[in-house]
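Residue 19 is where the sequence shown starts when you use this note's numbering, and the numbers rise one by one after that.
Rather than coming from a laboratory, the hints here were simulated on the basis of the structure.
Glycine included, C-beta positions come from ideal geometry on N, C-alpha and C.
Check each hint, because a few of them may be wrong.
[What the hints assert, rightly or not] Capping the alpha-carbon separation at 27 Å, the derived lysine-lysine pairs in BS3-like fashion look like this:
1) K90 / K75
2) K105 / K92
3) K105 / K90
4) K51 / K75
5) K92 / K75
[Stated by the list, open to error] Simulated DEER-style distance windows between Cβ atoms:
6) A59 / L85: 36 to 42 Å
7) A87 / Q111: 45 to 51 Å
8) T62 / E101: 27 to 33 Å
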Amino acid sequence: RRAVEEADAARTEAEKRERALNGEKLRLERLLKTAEEQATAAETLLREVRTELRAAKATIEERSQALAAEAKGKEVAAQQAQELRLKVAAMEQERTGLVERGLHEE
19 RRAVEEADAA
29 RTEAEKRERA
39 LNGEKLRLER
49 LLKTAEEQAT
59 AAETLLREVR
69 TELRAAKATI
79 EERSQALAAE
89 AKGKEVAAQQ
99 AQELRLKVAA
109 MEQERTGLVE
119 RGLHEE
């Protein structure tokens with residue numbers, strides 16, 4: 019009789035441990051599923067961020083090229099303006115020389 023009671027107690031304890039282990043297994047499975055979902059979400063977010071970074075980099079590069087072209091255009095325009103100023107100054111000197119010669123000839 020005592021052996022039967024000990025066997026029943028052992029079986030009850032084993033069932034109790036099995037239920038506890040099954041509960042722990044379910045908890046760990048839920049944790050794993052949550053971790054996998056979070057990892058998937060993080061991978062998706064990382065892909066989106068990389069895409070946005072590539073787009074931003076392309077935009078910056080385009081703007082940089084546009085600004086460089088604009089600066090080059092301004093540089094060329096300034097050089098042409100300087101050349102025109104020099105031509106005007108030369109023409110004015112020539113005119114002044116002609117006027118002075120004309121006055122001396124009279």
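A quick look at each hint next to the structure:
{"no.": "1", "hint": "K90 / K75", "in the structure": "holds (22 Å)"}
{"no.": "2", "hint": "K105 / K92", "in the structure": "holds (20 Å)"}
{"no.": "3", "hint": "K105 / K90", "in the structure": "holds (23 Å)"}
{"no.": "4", "hint": "K51 / K75", "in the structure": "violated (36 Å)"}
{"no.": "5", "hint": "K92 / K75", "in the structure": "holds (25 Å)"}
{"no.": "6", "hint": "A59 / L85: 36 to 42 Å", "in the structure": "holds (38 Å)"}
{"no.": "7", "hint": "A87 / Q111: 45 to 51 Å", "in the structure": "violated (36 Å)"}
{"no.": "8", "hint": "T62 / E101: 27 to 33 Å", "in the structure": "violated (59 Å)"}
Hints 4, 7, 8 from the list above are not met by this structure, while the remaining hints are.
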